[in-house]
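Starting from the structure of chain A, add chains B and C where the hints point.
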Amino acid sequence: MTAWEAVIGLEIHVQLDTRSKIFSAASTAFGAEPNTQACAVDLGLPGVLPVLNLEAVRMAIMFGLAIDATIAQRSVFARKNYFYPDLPKGYQISQYELPIVERGRLEITLENEVQKVIGITRAHLEEDAGKSLHEEFEDFTAVDLNRAGTPLIEVVSEPDMRSAKEAILYMKKIHSIVRYLGISDGNMQEGSFRCDANVSMRPAGEDAYGTRTEIKNLNSFRFVERAIDFEIERQIGVLEDGGEVVQETRLYDAGTGETRSMRSKEEANDYRYFPDPDLLPVVIAQDMVDAIRAQLPELPWEKASRLSTEYGLKGHDAETLAMSRELAEYFERTAKHTDADAKLAVNWITGELSAALNQDHLEITESPVSSTMLAGLLNRIEDGTISGKIAKDVFRSMWTGEGDADSIIESRGLRQITDDSELETLVDQVLQDNPKQVEQFRSGKDKVFGFFVGQVMKQSGGKANPKQVNDLLRKKLG
Amino acid sequence: MQDLSVSQLAAGLDRGEFSSEELTRHFLHRMQAHRELNAFITEMEEPAILQARRADQRIKEKKHGPLTGIPLAHKDIFCMDGTKTSCGSRMLDNFVAPYDATVVRKLEQAGCVVLGKTNMDEFAMGSSNENSYFGPVKNPWNPGHVPGGSSGGSAAAVAARLVPLATGTDTGGSIRQPAAFCGITGLKPTYGRVSRYGMIAYASSLDQAGPLAKSAHDCAYLLQAMAGFDARDSTCMDEPVPAYTQVLDEPLQGRVIGIPDEYFGTGLRPEVKDIMARAIAWAEGQGCIVQPIRLPNTELAIPAYYVIATAECSSNLSRFDGIRFGHRCQAPKDLHDLYRRSRSEGFGTEVKRRIMIGTYALSTGYYDAYYLKAQQIRRLISTDFSKAFETVDFILGPTAPEPAFKIGEKTDDPVTMYLSDIYTISVNLAGLPAVSVPCGMHEGLPVGMQLIGNYLTEGRLLNFAHQYQLATDWHRQCPPGCMQGSHGE
Amino acid sequence: MSISLEEILSISHLARLHIDEEQAGQYAADLSKILAWVQQMNQVDTRGVVPMAHPLDVVQRLREDEVTETDQREKFQTVAPRTDRGLYLVPKVIE
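Chains A, B and C supply the protein sequences, listed in that same order. The first sequence runs 1 to 478 under this note's numbering. The second sequence runs 1 to 489 under this note's numbering. The third sequence runs 1 to 95 under this note's numbering.
Treat the hints with caution; some may be incorrect.
In silico lysine-lysine, DSSO-like type, Cα no more than 27 Å apart, as pairs [what the hints assert, rightly or not]: (1) A:Lys389 x A:Lys172; (2) C:Lys33 x B:Lys406; (3) B:Lys333 x A:Lys131; (4) C:Lys92 x A:Lys131.
Simulated from the structure, these hints should not be mistaken for laboratory data.
Only chain A is shown next, with the shape it has when bound in the complex:
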């Protein structure tokens, strides 16, 4: 049996978060009535001309700097010619030779903590197409050109990834970079961040690449992973049956989890790229690049490394937090307001808080429990006012808007019982009520100890200080 190795490269399309389109002054806002944000330029009316948006250029440069790439001093726009109903001019303004960003790199951390460098061939600026709606009418495809002309950067990786997992790590890292830079909302449902995956197989140890297929328009991390995994299995199947992989474009069907050939696009395409005569070469001065570099925000890996040194977090925790700029900022605000251990804060943020956010489909920025509120809760855990278990109840009450930790603890009398005599009464009562178990413990059945702890906690309504209860029980059962 041959051992197969997958070779994967990604082309990620990132919509840039500019106000107006890349070549026109129409709005890029999502969700407007069809064709109400398609101006004369976006419609490709006879006689119209493109004028380049400065902000799109700035954003592309920011991205290039973040991935340690070369920013072109001179960059050229080209026309990519093909016919499609949602491509109004019959060509897409893109870049071919001289893209704005070239030769970048990105490190990803694999599960075994090994660092791997993924090369980024290029990132070029281009305009998005409109949307074809195939389901609205029985006999027609309907075209909405609101999206036409929205600025994109297409980020093309080297074929450096060897598994769907690696591809996802890379893609998530790109996602986190564009969100950190504030150049894209990265919203995958709305299509602001989408990906084409190139997949080929080769016998392990071989250098030459196999024939690749391109899976188009994947708009969630999960789909990318499943599509690549499916495609790997499919290609192995074809190859092991003695067949050949056909170079083609494939579409992922989220319903079946399979990829299928896109026959309509199989027609031989020849894009006939040539420099767009309506646009002039973009010349990027070094001072512009320097100015942008000076204003770059802290990047995910910089933040992770700072969090780890400043707060003594483990590498993994720091990276998890730093994956999202908002999450990391929430953590730092929480940490500022509490004396509790940073690790405790991380556990709460990545545990209870993230779970609650997920359940209610909220972003961290929309959390009903603010960082200050969470810090207040952690403080009560830290000073022993409440136990971790009670804290979870308090958290849920905070989540539903009952107030801050202190007022909830106060009004519901959740303060932890730390008074020795009060605890002793509870312990004595439990021992008295369970003579059989006391007998068992004394005859060497240590496990029963946990039973007593549980009973005391139960009797106290969870408020007894667990450590004191433990000590008391040991003493009494001695």
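Showing chains B and C alone in chain A's frame:
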């Protein structure tokens, strides 16, 4: 009235000798009386009268400029809000533009009265105006001959005195050659001098709009109003527009004129050559220094031009797909059928031919041999010019190798037709300004000379042409069939 | 320089032009002639010559990121061959 210059018309309006409405009606009558020339695709009588009345109001309120109330025609390549803009094509026969080209807006602001949209070769592709969906334009000097192209309707309309001023566009000679064939003055400005926004693109890196008028003086007025920066056109220059009419009277003494050998070679008709010799002699008489120069790559300009222009047009014309505007075939059976039939029915033969050539030249395997090679030759041609302009102020030669040819004479052979643009095409490749000035007649047909200048020397070109026109009366000659009604209605 | 009928058909496909077989022959003849004539470009050695994409040696001007366009859908769609509920319609595309 139709023989008056723009400044005379402006003075007459200013002094109240006639109103813009009277002037407009006069020209509208002439336009209607000479429909046999087929110079107009759309006549705009009603809106013109309304515009004229508004102009009269402005004149009364003394809020007018030099062009307020002066009638004008637009080549039907300029989008005009609410008006059919066909570009000479069946594809856009039903297209009512929903916005104004910058040139249209500027001239409206100047107070010009638009009488109509002029006929042209389909999508500006042609040198004879025979490629119009709306039929060929006749040369006012001889209806059996072509008026030149692609701005043939504009040139014929001005020559026949149907309108004092007209706009045109020039991609390979499309202002200068029809101006020469019709005995009028036409200027192709420096690339980027006039906004291309709203001007339907043929070949974007070559197209440039400019004025057509009887005289250089009139052209100066029109160019003044057309030129200038436009934020909607990335290729439009952000350079101040000089006052062209202020420099027309400068003496020509000491100006150096280069005469390129290549413009006087075998293809040139001897009679045209003689006419040129007289114009050159006149320039020497004015104290100009005349010297021979070389433009060695001139012959290669035509093939390079046809590769670049067709490549750009093949892409520019892709937007005509029958979806958002323009012709759509009946009952398409699927998307592919919609595209193919709409485009094949909407475009004429020459347009399709050029789309095919351009598509071929850009396709995989041929790009380097055709498109890239043509761009390299373009560089050589441009370098030839810049070398020449190190020593000369102007380059002078014929606008075309012969006077207007007969309708149908060259339609069977595209290459022969392309060769008639030999003297004009290099100028577009280099992006230089050039003016064509009437300088003689041969067998009842006008002959034009072309004066090429360095970048942004439109003022100097018009200065030379104006001085020449002060000394000659070729530009005052009116086609015999168009002389009635010389003194108004 | 001779262009085959297959080439004509493949170019006409790229350009979305309908050309029947009879026309294809004419196109093949015309294009072959024009391209043969164009090949005189090869007379000149252009090694090392920088291609000229644009007549002027100027750089792209950049626009401030401002929204100034307003909704003109109704006006723009008056010239459209077929629309419904603000959408442009084409024969159904099957992916």
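Hint by hint, here is what the structure shows:
For the given pair, Lys389 (chain A) sits about 33 Å from Lys172 (chain A) by alpha-carbon distance, which is inconsistent with the 27 Å threshold. At roughly 23 Å between alpha-carbon atoms, Lys33 (chain C) and Lys406 (chain B) fall within 27 Å of each other, so this suggested pair holds. The suggested pairing of Lys333 (chain B) with Lys131 (chain A) holds, with an alpha-carbon distance near 22 Å, which does not exceed 27 Å. With a C-alpha separation of about 14 Å, the suggested pair Lys92 (chain C) and Lys131 (chain A) falls inside the 27 Å cut-off, and the hint holds.
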